[in-house]
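Enquirer: Given chain C, work out where chain W should sit, using these hints.
Chains as they are written, first to last, in full-length UniProt numbering: chain C, 1 to 399; chain W, 1 to 399.
Think of the hints as simulated: they come from the structure by calculation, not from any bench. Nothing false has been slipped in among the hints.
If we take Cβ atoms under 8 angstroms as the criterion, some of the chain W residues that face chain C in the derived model are:
(1) 5
(2) 7
(3) 9
(4) 11
(5) 12
(6) 16
(7) 59
(8) 64
(9) 227
(10) 230
(11) 234
(12) 237
(13) 247
(14) 271
Every residue, glycine too, gets a C-beta built ideally from N, C-alpha and C.
Spelled out, the chains give:
2 protein chains.
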Amino acid sequence: MHHANEILFSLFIVFVAAQIGAEIAQRLKMPGVVGEIAAGCVIGPSLLGWITPEQIASGTPLDVLSEIGVVLLLFSVGLETRLEDLKKVGKSALLVGVLGVLLPFAMGSFWAHSSGYPWDKSLFVAAAFVATSAGITARVLQELGALQRVESKVILGAAVIDDILAMLLLGVVVSLQGGKGFDVSHLLMVLAGAIGFIAVIGWGGSRVMRWNSTWLDKPSSVYSPLLIVLALCLGLAYVSTLFGLAAIIGAFLAGMIASETRQQHTLEQQFQPLLALLTPFFFVLTGSKIDLHQLANTDALIALAVVTLIAIVSKLLGGFLGALSLGRIGAAIVGFGMVPRGEVGVVIASLGLAAGVFNDQMYAIIVAMSLLTAMVTPPVLAWLLRRSVGSTPTQESEA
Amino acid sequence: MHHANEILFSLFIVFVAAQIGAEIAQRLKMPGVVGEIAAGCVIGPSLLGWITPEQIASGTPLDVLSEIGVVLLLFSVGLETRLEDLKKVGKSALLVGVLGVLLPFAMGSFWAHSSGYPWDKSLFVAAAFVATSAGITARVLQELGALQRVESKVILGAAVIDDILAMLLLGVVVSLQGGKGFDVSHLLMVLAGAIGFIAVIGWGGSRVMRWNSTWLDKPSSVYSPLLIVLALCLGLAYVSTLFGLAAIIGAFLAGMIASETRQQHTLEQQFQPLLALLTPFFFVLTGSKIDLHQLANTDALIALAVVTLIAIVSKLLGGFLGALSLGRIGAAIVGFGMVPRGEVGVVIASLGLAAGVFNDQMYAIIVAMSLLTAMVTPPVLAWLLRRSVGSTPTQESEA
Numbered sequence: 001m002h003h004a005n006e007i008l009f010s011l012f013i014v015f016v017a018a019q020i021g022a023e024i025a026q027r028l029k030m031p032g033v034v035g036e037i038a039a040g041c042v043i044g045p046s047l048l049g050w051i052t053p054e055q056i057a058s059g060t061p062l063d064v065l066s067e068i069g070v071v072l073l074l075f076s077v078g079l080e081t082r083l084e085d086l087k088k089v090g091k092s093a094l095l096v097g098v099l100g101v102l103l104p105f106a107m108g109s110f111w112a113h114s115s116g117y118p119w120d121k122s123l124f125v126a127a128a129f130v131a132t133s134a135g136i137t138a139r140v141l142q143e144l145g146a147l148q149r150v151e152s153k154v155i156l157g158a159a160v161i162d163d164i165l166a167m168l169l170l171g172v173v174v175s176l177q178g179g180k181g182f183d184v185s186h187l188l189m190v191l192a193g194a195i196g197f198i199a200v201i202g203w204g205g206s207r208v209m210r211w212n213s214t215w216l217d218k219p220s221s222v223y224s225p226l227l228i229v230l231a232l233c234l235g236l237a238y239v240s241t242l243f244g245l246a247a248i249i250g251a252f253l254a255g256m257i258a259s260e261t262r263q264q265h266t267l268e269q270q271f272q273p274l275l276a277l278l279t280p281f282f283f284v285l286t287g288s289k290i291d292l293h294q295l296a297n298t299d300a301l302i303a304l305a306v307v308t309l310i311a312i313v314s315k316l317l318g319g320f321l322g323a324l325s326l327g328r329i330g331a332a333i334v335g336f337g338m339v340p341r342g343e344v345g346v347v348i349a350s351l352g353l354a355a356g357v358f359n360d361q362m363y364a365i366i367v368a369m370s371l372l373t374a375m376v377t378p379p380v381l382a383w384l385l386r387r388s389v390g391s392t393p394t395q396e397s398e399a
Numbered sequence: 001m002h003h004a005n006e007i008l009f010s011l012f013i014v015f016v017a018a019q020i021g022a023e024i025a026q027r028l029k030m031p032g033v034v035g036e037i038a039a040g041c042v043i044g045p046s047l048l049g050w051i052t053p054e055q056i057a058s059g060t061p062l063d064v065l066s067e068i069g070v071v072l073l074l075f076s077v078g079l080e081t082r083l084e085d086l087k088k089v090g091k092s093a094l095l096v097g098v099l100g101v102l103l104p105f106a107m108g109s110f111w112a113h114s115s116g117y118p119w120d121k122s123l124f125v126a127a128a129f130v131a132t133s134a135g136i137t138a139r140v141l142q143e144l145g146a147l148q149r150v151e152s153k154v155i156l157g158a159a160v161i162d163d164i165l166a167m168l169l170l171g172v173v174v175s176l177q178g179g180k181g182f183d184v185s186h187l188l189m190v191l192a193g194a195i196g197f198i199a200v201i202g203w204g205g206s207r208v209m210r211w212n213s214t215w216l217d218k219p220s221s222v223y224s225p226l227l228i229v230l231a232l233c234l235g236l237a238y239v240s241t242l243f244g245l246a247a248i249i250g251a252f253l254a255g256m257i258a259s260e261t262r263q264q265h266t267l268e269q270q271f272q273p274l275l276a277l278l279t280p281f282f283f284v285l286t287g288s289k290i291d292l293h294q295l296a297n298t299d300a301l302i303a304l305a306v307v308t309l310i311a312i313v314s315k316l317l318g319g320f321l322g323a324l325s326l327g328r329i330g331a332a333i334v335g336f337g338m339v340p341r342g343e344v345g346v347v348i349a350s351l352g353l354a355a356g357v358f359n360d361q362m363y364a365i366i367v368a369m370s371l372l373t374a375m376v377t378p379p380v381l382a383w384l385l386r387r388s389v390g391s392t393p394t395q396e397s398e399a
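Same shape as in the complex, but just chain C (with noise of 0.2 angstroms):
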């Protein structure tokens, strides 16, 4: 009985520091994501220690509510974009995903290079600067009801591209390792499959919806609807994982492939309540990773800007300029909605860290970049698209 009061504890005390952390950031006029990160740092191990690093490992209770979080999210996000629209934006995605790729692991190679890292290591290094999280930018355009601008569909379409070539380049690093070749008919074959699951739920789904959605009313509930959606959600979310892609890949298709439907807003309005109890847990969780005690000195605090201003830097300039032919505001956006690199940066330096390729430091340096770059453009983003309201072309009228 103990463990579970410690568990219903620690649920209560992210909750509520998520809550507390979101009104003050809203205050004082800041997207309430910010708090939510903020607070998970204040209670995490770092600072108070309300929650431990035990509780926060991968796998277990809060790490997996924290997923499911950002699962709902993107399903949520997915909602409310149509493949139609992805589609019109299609080249600009495309340049923004492949530019935003090649630039970050291009900067952030030659930096481990000049710092003393072999090549084959500073390919691993780099890899940890390429990821997008689209989690924090999407809950900012949500936030703001920013999610029917044409910048939004640009920054969603050039995510999944961008998480498709992340996981190759993860791939073909991890195999470089140790001097090893990589087989590159294998990469091509992971290539073909990602992106046929991604083609064929995608675009194979939205058709079969938009031809007809009518099977969601056969059940008996009257939350059918929502039941349906929610299995298809964990479904494909564990599928894109079987591909190697992000569990939240696969739950933003499930939510495109329900934007089709007829129970569109009512999905919308069932959401609110799901995201309002499970995506504190990501965000707080995010926040209470950094480990700012591996970060109490000068050395490490300088290599922490620098790889922070190279993260940064980078992948706006490589969003910038893929999407240029939305104007300059309107590329500003694009460039600073990929720079969050959230969990996938963690992820990658974990991994680096158990190869023996990352040490303690720059393991925590990595982190915190990752983090650094989610807590810096919800601000940002805010600012730029309040700046541009009314200044740069959106699909949709303003709601």
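Expert: Same frame as chain C, now just chain W:
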């Protein structure tokens, strides 16, 4: 990443199994919850093994989701229960609670002693016969729209009293093991603490809310009332475990407090998607804990039949006699409503196993008994409730 995949898969499987089970049960004119428990038995370790014993152990992500599910369920039941209504049935509820503990405890200890247990161990075994698990009955009453009936109020009030008495009894029997005496003054303090907690929260909280609940509107977001009551629900669930009570008692009190607010109806609506996502985890896990292998011999099956019969008859009799003022059918509804032991019996059996009082077979029998009572109750209760519509007093007209 592999670990995360596995958990996503188990979430998907549990959720989908629950929906399929519920759908089948409803088409067979049974409450959906029966199908969810049965689905758990099918996909659990005993039959298909799609979820493993390690995945449903205490403190695992699935277990925590199941705990959150039943906490939210009891909150939502509280949300449909006003303190005033409980007060009106106070005398019946007290009688039902007391008799419903004494009869199963007495009959359980005689059975255990007659099967060869010494008296101190018999009392421990009997303690597993005692505690009603309100979750299952609450779900059936909610599914059938019967929460406003006077029988439902009696059951809910009695469940609170039952939980206090069961907790005290467990304290006594644990301290009796190994021939140690027990500390009456300590037990009295525990009793006073539990009653004090319930009185202060239930009575005080309801008063405060009735007097002024506009502060729920103060913070900035539309979903603020929901966020505040979610925090209240998690917080009181935790605090009630500090007083030795089940977490669901605190959640129920939180819901009862929230039922006094102006937002009561909105909150009920907003809780539906939360219940839809999370309660299936509770019911599927309940079913998956039945270990059919331990019961695959004639002796065990006979013992199980006897134990289950004693558990049902003793509780039914206690509830029936306590609620006779409601008429015979009303008293039968209350009696059957108190029958399910659910997870509380499982917890006590685990304690008994750990303390060496139970052997593996006795453990399996007690767990199976707890779950059989949970599976028998819903169809009987549904049948009685349908039969009695119009023939027994209700506090408000049926919706």
